[in-house]
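K.L.:
Residues per chain, in single letters:
Number of protein chains: 2
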Amino acid sequence: MAISSYHPPTRTLMGPGPSDVNPRILEAMARPTIGHLDPAFMDMMNQLSQLLRDTFLTGNAVTFPVSAPGSAGMETCFVNLVTPGDKVVVCQNGVFGGRMKENVERCGAEPIMVEDTWGEVVDPNKLQDALKSNPDARIVAFVHAETSTGAQSDAETLVKIAHDHDCVTIVDAVTSLGGSPLKVDAWGIDAIYSGSQKCLSCTPGLSPVSFNERALEIVKGRTDKVQSWFLDLNLVLGYWGTEAKRAYHHTAPINALYGLHEALVILHEEGLENSWARHAHMHQALRAGIEAMGLSFVVKQGDNLPQLNSVVVPDGIDEAAVRSTLLNEFGLEIGAGLGAMAGKVWRIGLMGYAANPKNVLLCLGALDAVLTGMGAPINSGMAVSAARQVLSTD
Amino acid sequence: MAISSYHPPTRTLMGPGPSDVNPRILEAMARPTIGHLDPAFMDMMNQLSQLLRDTFLTGNAVTFPVSAPGSAGMETCFVNLVTPGDKVVVCQNGVFGGRMKENVERCGAEPIMVEDTWGEVVDPNKLQDALKSNPDARIVAFVHAETSTGAQSDAETLVKIAHDHDCVTIVDAVTSLGGSPLKVDAWGIDAIYSGSQKCLSCTPGLSPVSFNERALEIVKGRTDKVQSWFLDLNLVLGYWGTEAKRAYHHTAPINALYGLHEALVILHEEGLENSWARHAHMHQALRAGIEAMGLSFVVKQGDNLPQLNSVVVPDGIDEAAVRSTLLNEFGLEIGAGLGAMAGKVWRIGLMGYAANPKNVLLCLGALDAVLTGMGAPINSGMAVSAARQVLSTD
Numbered sequence: 001m002a003i004s005s006y007h008p009p010t011r012t013l014m015g016p017g018p019s020d021v022n023p024r025i026l027e028a029m030a031r032p033t034i035g036h037l038d039p040a041f042m043d044m045m046n047q048l049s050q051l052l053r054d055t056f057l058t059g060n061a062v063t064f065p066v067s068a069p070g071s072a073g074m075e076t077c078f079v080n081l082v083t084p085g086d087k088v089v090v091c092q093n094g095v096f097g098g099r100m101k102e103n104v105e106r107c108g109a110e111p112i113m114v115e116d117t118w119g120e121v122v123d124p125n126k127l128q129d130a131l132k133s134n135p136d137a138r139i140v141a142f143v144h145a146e147t148s149t150g151a152q153s154d155a156e157t158l159v160k161i162a163h164d165h166d167c168v169t170i171v172d173a174v175t176s177l178g179g180s181p182l183k184v185d186a187w188g189i190d191a192i193y194s195g196s197q198k199c200l201s202c203t204p205g206l207s208p209v210s211f212n213e214r215a216l217e218i219v220k221g222r223t224d225k226v227q228s229w230f231l232d233l234n235l236v237l238g239y240w241g242t243e244a245k246r247a248y249h250h251t252a253p254i255n256a257l258y259g260l261h262e263a264l265v266i267l268h269e270e271g272l273e274n275s276w277a278r279h280a281h282m283h284q285a286l287r288a289g290i291e292a293m294g295l296s297f298v299v300k301q302g303d304n305l306p307q308l309n310s311v312v313v314p315d316g317i318d319e320a321a322v323r324s325t326l327l328n329e330f331g332l333e334i335g336a337g338l339g340a341m342a343g344k345v346w347r348i349g350l351m352g353y354a355a356n357p358k359n360v361l362l363c364l365g366a367l368d369a370v371l372t373g374m375g376a377p378i379n380s381g382m383a384v385s386a387a388r389q390v391l392s393t394d
Numbered sequence: 001m002a003i004s005s006y007h008p009p010t011r012t013l014m015g016p017g018p019s020d021v022n023p024r025i026l027e028a029m030a031r032p033t034i035g036h037l038d039p040a041f042m043d044m045m046n047q048l049s050q051l052l053r054d055t056f057l058t059g060n061a062v063t064f065p066v067s068a069p070g071s072a073g074m075e076t077c078f079v080n081l082v083t084p085g086d087k088v089v090v091c092q093n094g095v096f097g098g099r100m101k102e103n104v105e106r107c108g109a110e111p112i113m114v115e116d117t118w119g120e121v122v123d124p125n126k127l128q129d130a131l132k133s134n135p136d137a138r139i140v141a142f143v144h145a146e147t148s149t150g151a152q153s154d155a156e157t158l159v160k161i162a163h164d165h166d167c168v169t170i171v172d173a174v175t176s177l178g179g180s181p182l183k184v185d186a187w188g189i190d191a192i193y194s195g196s197q198k199c200l201s202c203t204p205g206l207s208p209v210s211f212n213e214r215a216l217e218i219v220k221g222r223t224d225k226v227q228s229w230f231l232d233l234n235l236v237l238g239y240w241g242t243e244a245k246r247a248y249h250h251t252a253p254i255n256a257l258y259g260l261h262e263a264l265v266i267l268h269e270e271g272l273e274n275s276w277a278r279h280a281h282m283h284q285a286l287r288a289g290i291e292a293m294g295l296s297f298v299v300k301q302g303d304n305l306p307q308l309n310s311v312v313v314p315d316g317i318d319e320a321a322v323r324s325t326l327l328n329e330f331g332l333e334i335g336a337g338l339g340a341m342a343g344k345v346w347r348i349g350l351m352g353y354a355a356n357p358k359n360v361l362l363c364l365g366a367l368d369a370v371l372t373g374m375g376a377p378i379n380s381g382m383a384v385s386a387a388r389q390v391l392s393t394d
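Residue numbers (my numbering), protein chains in the order written: chain R, 1 to 394; chain P, 1 to 394.
Be aware that a few hints might be false.
Note that identical chains are pooled: a pair holds if it fits in a single copy or bridges any two copies.
List time: in silico DSS-like cross-link candidates among lysine-lysine, alpha-carbon distance up to 25 Å [claimed, not checked]:
1) Lys245 with Lys126
2) Lys344 with Lys245
3) Lys220 with Lys344
4) Lys87 with Lys225
5) Lys126 with Lys344
To be clear, the hints were calculated from the coordinates, so they are not data collected in a lab.
Only a predicted model underlies this, so the values are computations on that prediction, with no experimental measurement involved.
Using the sequences and the hints, build the whole thing.
P.N.:
Pasting the structure below:
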């Protein structure tokens with residue numbers, strides 16, 4: 001094998017994440033590494049936590065990025081809040097609810113599953129029923145933005161039901177943070193995790209989390225040891241907590257944190273609500289084009305995430321061949337279906353920096369051309385114009 | 001708080017890690033992000049695994065970087081190999097042996113501690129005795145290169161003893177990989193973890209690991225579920241394993257992996273043995289200077305790591321004031337003592353890109369000046385010349 005420096009191709013990333021990274025973020029990541037206990041780094045950490053609070057819309061003191069991808073943020077919530085023997089109600093309407101179930105079981109706890117059809121939102125009535133049947137449940141976990149389908153559940157209502165039954169909530173916001181409305185304090189979410197590589201448009205590898213006092217009471221009150229040393233909040237908070245002095249726990253991923261900081265500065269400059277509006281607008285343009293082609297969405301309009309669009313693959317079309325043609329000819333990445341939806345859908349992301357008119361038009365034009373070339377039964381040549389019409393309205 | 005892009009100061013990093021990062025690595029990390037399932041990324045992953053094998057001196061198929069810092073690499077080894085109820089012999093001669101004990105306990109297993117004085121190497125006779133007294137022990141864990149003290153234990157002998165007692169070995173090589181002799185296959189090490197930010201001179205955030213067939217048999221034979229979903233090898237290997245198709249487990253930290261790849265290309269260009277020799281030579285120069293000042297090392301010569309030098313703080317000197325003066329006036333970071341050694345030692349790293357003559361001379365000159373200014377009882381003005389003399393011999 002010839003050994004040499006690696007120069008990746010330049011892609012347009014419109015899959016389920018990573019999304020296109022703003023060059024300002026890449027530049028920030030290339031700044032000189034300094035020590036993780038350097039006083040000059042502590043200021044950056046404080047600002048980073050504050051920017052995350054502003055993005056989660058929370059005053060939670062404990063708000064920081066876990067030093068690993070979103071799955072580790074999920075695990076941070078579960079291992080710290082779930083104790084062996086607990087009953088945990090898990091709402092599943094896609095892949096990531098299933099991953100929550102795995103976490104509950106690996107904590108030695110009992111998952112009570114509330115199942116909804118993939119592509120639909122979590123049904124609050126089913127959660128209500130599950131909690132009535134399981135009055136000893138202590139925790140409710142659900143996915144706000146199901147990345148595997150693009151369904152957006154009503155987090156505010158689900159949290160309210162959980163609290164009515166004295167349960168603490170764990171919410172997956174990997175794909176919603178920064179891209180669509182998410183209000184941690186207003187909705188009363190107790191513990192939440194997200195990812196750096198979706199609507200924050202940073203590189204993958206970090207998982208922002210936030211815990212309110214109610215969640216921290218559980219963590220601080222534990223008499224047993226959390227099963228993960230690396231993710232044990234009581235230890236991690238020696239470094240990321242509110243104490244003036246930051247104590248060594250593990251070595252923080254310095255340059256990745258520079259990148260996340262820059263991503264949040266960019267979001268701050270745009271304004272959180274403006275970012276939500278931009279994602280919604282780009283989604284409308286994409287939707288107009290997809291529907292003009294005669295294709296359909298998996299998720300009912302109104303229940304859908306603007307930033308993650310699951311589109312049904314037309315009958316007789318090899319979805320993988322479409323994706324590799326898009327990648328090889330247009331440098332465009334869109335996502336495949338996961339789990340039960342493998343082979344049946346494409347997932348088109350419009351996340352963060354990638355949620356822009358150029359990407360919408362590229363994606364529609366390319367998809368139109370490739371599907372037409374394959375003889376798919378679509379209305380050829382209509383998609384781009386339909387999208388342009390939406391884009392021309394502000 | 002004023003929100004703006006973060007521009008770190010430029011430091012010289014001679015603490016226990018992160019070490020100075022080669023600008024080539026920073027530049028590599030700023031290359032365009034591509035998808036974690038992009039075929040163009042798969043080639044990079046294959047080459048990265050091969051470069052890690054070359055650096056660990058192993059043919060182990062399962063050799064890859066865990067998507068999180070060294071502590072998560074440690075946890076990967078423990079949660080996959082240790083099952084509840086196991087007896088695990090842990091040799092402790094510093095902070096990181098204690099972290100191993102924490103891992104064993106959190107796996108529901110029983111640690112049998114073999115204690116040595118901090119600053120000394122692990123005593124093979126004590127390990128021998130512990131295994132004789134505990135014939136039912138299944139695993140032996142020890143730290144090859146104790147970053148908290150700078151002691152380098154005889155990994156080859158310790159592994160041999162463990163194998164004589166039918167135990168599998170877990171070895172911490174966070175600080176040794178790339179900096180001093182480490183031969184995974186020749187020494188028979190079964191499971192090993194390291195870090196990206198020490199002698200590989202990459203940014204922090206990744207933990208290279210390697211597992212031989214004997215270790216994998218345990219992992220594959222487990223009937224219970226590994227307590228961490230994120231670190232479960234049987235799942236992670238769907239992505240990092242030897243199958244032609246790479247399946248989604250978690251989203252890999254793409255740009256951090258570009259950086260690690262570049263770090264390993266640089267090491268490959270230098271040659272592993274040349275890198276070991278360079279670290280040894282820079283250590284000799286630093287040692288000459290430190291001893292010319294009249295200061296002493298914590299670890300006996302011959303038992304020490306060249307890349308991590310614990311130096312005894314002279315009586316009556318405020319070690320923290322020395323470090324902050326070095327940082328503020330010289331932009332030079334050296335490390336404090338950890339745990340039992342806090343306040344008593346400095347830890348001077350000579351790791352990877354930072355193991356160079358300029359750094360040795362800067363460190364000695366700065367330390368000499370600062371200690372002299374504080375009225376410390378040292379031989380002033382001798383250190384730099386003593387080091388130059390060593391540096392002039394190749």
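K.L.:
Look at each hint and say if it fits the structure.
P.N.:
Going down the list of hints, with the structure as the test:
1. Lys245 with Lys126: Answer is neither; intra-copy 46 Å and inter-copy 38 Å both fail.
2. Lys344 with Lys245: This pair counts as between: shortest inter-copy Cα distance 19 Å, intra-copy 52 Å.
3. Lys220 with Lys344: neither (45 Å within a copy, 32 Å between copies)
4. Lys87 with Lys225: Result: close both inside a copy and across copies, 19 Å intra and 19 Å inter.
5. Lys126 with Lys344: neither (27 Å within a copy, 61 Å between copies)
The structure does not agree with the numbered hints 1, 3, 5 stated previously, though it agrees with the rest.
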